[in-house]
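A.B. asks: Chains as they are written, first to last, in this note's numbering: chain R, 1 to 236; chain H, 1001 to 1049.
It cannot be assumed that every hint is accurate.
[What the hints assert, rightly or not] Label pairs and their calculated CB-CB ranges:
#1 R:LYS222 <-> H:VAL1017: 33 to 43 angstroms
#2 R:GLN221 <-> H:PHE1029: 12 to 22 angstroms
#3 H:TRP1020 <-> R:LYS233: 39 to 49 angstroms
Bear in mind the hints are in silico, worked out from the structure with no lab data behind them.
We treat Cβ as the ideally placed atom computed from N, Cα and C, and that holds for glycine.
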Amino acid sequence: MKKLAIGLYAAVVAALMVWGFYQAIYVAPDEATMHEVQRIFYYHVPIAMLCFLFFAISLLGSIAYLAWRRSRPSLANAGDAWALSAAEVGVVYCTVVLVTGPLWGRRAWGIWWTWDWRLTTTLVLWLIYVSYLLLRRFAAGPQMQTLAAVLGIFGALDVPIVYMSNRWWRTQHPAPVFGGDADSGIKDPTMLAAFGWNVLAWFAWGALILLLRYQLERRHQKNAALEAQEALKSLV
Amino acid sequence: MDTRAVLDHEFTVAAYVAVWVIQLGYVAFLVAKWRAEKSVERQNAGHSR
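Chain H on its own, in the form it takes in the complex (with noise of 0.2 angstroms):
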């Protein structure tokens, strides 16, 4: 394989790697937002009872 291929490849996983750490970062933000939102709803009931 001589240098080029291998930058291309290189850069090609390179590219592959950035989408999945932006989609699963934004997918592990909501998972994050969800708990919070779960945990407002437990306090509201403890409010209201």
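So that you can see chain R by itself, here it is in the shape it has in the complex (with noise of 0.2 angstroms):
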């Protein structure tokens, strides 16, 4: 039952993915400006947006951890995984965003990079939770979940400010699509609607890497907790 309902939703998802390309491709019209190479702009804001959300939900996981390791173990183990999970899959939507902004930038404004607040602090977002994810592949001990869950927490407080930086500061980034002044947004209702299903689709696609990734990070447990069992025995 759980491998059908799993094997349907993938379903959907391949739906949404092929939908959303469809629109961004062949529906949307060419930006006046920009014109074809403006399409990146359909999967890299979409994806950048849903980075902050899976930073997210990775520092209500590592707040769990820290919350409940003492008194309810099994619950900060859960937060824990969602933690592991969801920075894992953050990390990988920022990659999509790091690679996806220059290819676009060198066409729109002749450079590959510039150290500009929102590109930069991307960047440092992104290398906090590299560190983050090298801290749980390399160390080893006790301490390790919790060095991670505060890591995980200090990265997070990163999001904000890339979220800000480009209407705190003047930057070569384009302003803000959403949350801007009035003159910001997206006017075009095709160009609108090519990137809601992108953003939809990209959604649908992250739950279910993440949803995957949560139930391999539960398993690694069980077989850690099982394995920590055998050697105990062995010494007794």
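Now that you have both chains on their own, put them together as the hints suggest.
C.D. replies: Next up, the structure:
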């Protein structure tokens, strides 16, 4: 039953992906100044928005782990699994943002990269969560999860700075698509629809890989606990 | 098609290919990890018997 539900959901995600792609490439009109290269926007912006969501889930998981690690260890472990899974998916999404952004920038600005506030804070966010994943991968011992949770919370502090960077400071990066001044936003309804479909498709895809990663981490925790029990039995 | 349009098209395609290489690369990593956990489970089941 569970496998069937996952299969059905994966089919819906695939359909949304195809529809989002069709909308972005064939339905939305060419933008007046940037022409075809502006279509990168339909992947770049939704994925950037969703990367914030995954880091927010990681933050909540880290807080849950720190809050319950002594009083309710099973809930704390679930929180830790959410924190790790969401950080991993967030890093994947952030990597996409950092790769597609320079490809767009090269055509729009004539340069691959500039040390502007939005770009730099996004790179710092990516580096913090890559260091979180390296800590999870290579550190050992009872304090590892606690240290990782603290780093996860620290890393999430950069998310509002990234979000506000092109509001607080003058940047080369374009103005915010939503929540900026009166002139910001997508005016063309076809472009808005293409953008909306891609947000939905990438959200559905992200939720699918996040759930799969969470299940995998829970399985890993179960196996690690069993191995620890076996090791204790062999000592007695 | 002028050079600008060709380059725009190539950069757009490159960006979409990069998106899917990264996403599917991550899925491949998940599959490898899933197989590794399965193998650990089989070993644990062997020990407990």
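A.B. asks: Look at each hint and say if it fits the structure.
C.D. replies: The hints, checked one at a time:
no.	hint	verdict
1	R:LYS222 <-> H:VAL1017: 33 to 43 angstroms	37 angstroms, holds
2	R:GLN221 <-> H:PHE1029: 12 to 22 angstroms	18 angstroms, holds
3	H:TRP1020 <-> R:LYS233: 39 to 49 angstroms	47 angstroms, holds
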